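Trainee: As they're listed, the protein sequences go chains Y and B. This note's numbering applies: residue 318 is where the first sequence begins, and numbers increase by one. This note's numbering applies: residue 596 is where the second sequence begins, and numbers increase by one.
Just so you know, the hints here were simulated from the structure itself, not pulled from any lab data. No false leads were slipped in.
Lysine-lysine pairs mimicking DSSO-like chemistry, simulated, CA-CA at most 27 angstroms apart:
{"id": "1", "chain 1": "B", "residue 1": "Lys611", "chain 2": "Y", "residue 2": "Lys446"}
{"id": "2", "chain 1": "Y", "residue 1": "Lys327", "chain 2": "B", "residue 2": "Lys836"}
{"id": "3", "chain 1": "Y", "residue 1": "Lys337", "chain 2": "B", "residue 2": "Lys836"}
{"id": "4", "chain 1": "B", "residue 1": "Lys611", "chain 2": "Y", "residue 2": "Lys433"}
{"id": "5", "chain 1": "B", "residue 1": "Lys611", "chain 2": "Y", "residue 2": "Lys434"}
{"id": "6", "chain 1": "B", "residue 1": "Lys836", "chain 2": "Y", "residue 2": "Lys332"}
{"id": "7", "chain 1": "Y", "residue 1": "Lys461", "chain 2": "B", "residue 2": "Lys611"}
{"id": "8", "chain 1": "Y", "residue 1": "Lys333", "chain 2": "B", "residue 2": "Lys836"}
Computed from a predicted structure; not experimentally measured.
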Amino acid sequence: MIRAESLTKKFYGDKKTADKTAVDAVSFRVKTGEVFGLLGPNGAGKTTVIRMLTLQTRATSGQIYYDGENIAVNPRLVKSLLGVVPQQVNFDMDLTVGENMELHGRLHHLSADTRKKRIDELLDFVELKDTVGQNVRRLSGGMKRRLLIARALIHRPRILFLDEPTVALDPQVRRRIWELIRRLAGGGTTIFLTTHYIEEAESLCQRVAVLNRGRLVALDTPKNLCQNLGAWTVEWNGVAGREYRFFPAKAQAADFAKELASEGSIELRPTNLEDAFIELTGRREGL
Amino acid sequence: MRDVWTVFWRDWVVLKRRLAKFILSRMVAPLLYLVAFGWGLGRSIQVGDGSYLDFLVPGILALNSMNISFNSLTPVHAERVYHRSLEEYLIAPISPSSFLWGKVLAAVLRGLISSGIILLLAYLFGAKVAVTLPMVLVLTLNCVIFAQLGFWAAMTINTYEEIAQVNVYFLLPMSFLCGTFFSVQTLPEAVRIFVEILPLTHTGILLRSLAAGGGIVYSSLAVLIGYGILGYLMGSRAFHKIRE
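Produce the entire structure from the sequences given, and follow the hints as far as they go.
Mentor: Here it is, written out as structure tokens:
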């Protein structure tokens, strides 16, 4: 469905700032109907990748294909396939909830009847039907996030991009949004998700790409990423703080844990995606 | 055209909601100009065969439509930089020129509404101004030029302070120098040549000629059309550049 080849984005500086390569030769494929996660610490380049894939920013070099078609050939056709839920709430603050939805429907060339029907359906889907006449400024953070998803779905996109969809939300709202994403994926929508919440990627994504300092450092299923590191983890309080060691088999991990009997707070557990993430990115930023 | 209408529709929804406030606020400045320069200072001035008020009204129309159409588009700066709602248009399957023209037409509508208010007030003050279709078209062209300038500023300038600087360094000097309150023929030659390069001067010349029942000054019309084309090119280029 999506093919990105050697995608690079450079931001050119001026006299005071240096040039910066935000995304460096990143390549990947996303399959139809897949929930694909792009993971990385803050500033890794995740949003820039989404902005290039959704034609908001031009790539400095590299190619993007949707269903084999280069986006440069017919960008307007490509845009009609995409729905985007941005990281930052970007509603038109002068419009009501219903008018924001209406504007999006009009921009995607839906007829008046279709717009009305889908606005009703989607506001019902995200449980915001009662807010249709309210100004968007009056919604809570969680309501705004749900409305962003509803707005992105009005033209029934085949691919939905979600850029940090649950950032700064409380756990209850986060779980609710995860449920929404699962329902969409269940309905056949391809989902491209960026997050720096490991738990989110582990819970939702079939495959995960890890981006660090603009470079793709891993791409696999969450399970394989963990197993490549070692399926079992021993962690303990070492000289330099909390230390970790990974083992392919539980028995090996248990033997090692016994050797550490004199150390404090030893834990033997299955390796999780957070371990893989930290090993791949080499830092704990954004966690 | 459908996409132009969609972009215009958004601004129309907002304007409709605030129409009464918009009209009232747009009455203040022309009212002050008419009282101060028309009734006050103008009573002692005769311009040719007509009154100073008749001379003044086309100038105020040009000046006011310039300010309104430019400033109608400065909120797009906030949509781009602060609210980020411009992204909604970037990801939509519409052409960049549809966005530009939708926004410009909404600004033109505001400029024409405020021009209508000025004309109404001017008649109440006793001005004799002939309103004709060519006059409305010239006013529209003036609004288009300054709306495009506003669009360009909203797309390229990063802070509110810098937008205010466009007002201070570009629009304000034009307001006073381009023949709004006096004939540019009275200026020293070097200043006059500079002033005659500026678009507002030519809007004033055209409006005055048409308001007095005269014909179209084609050289001035050509200058305005040139600025219109330049404004479109600058606006389009600025919109393309925000994807860089």
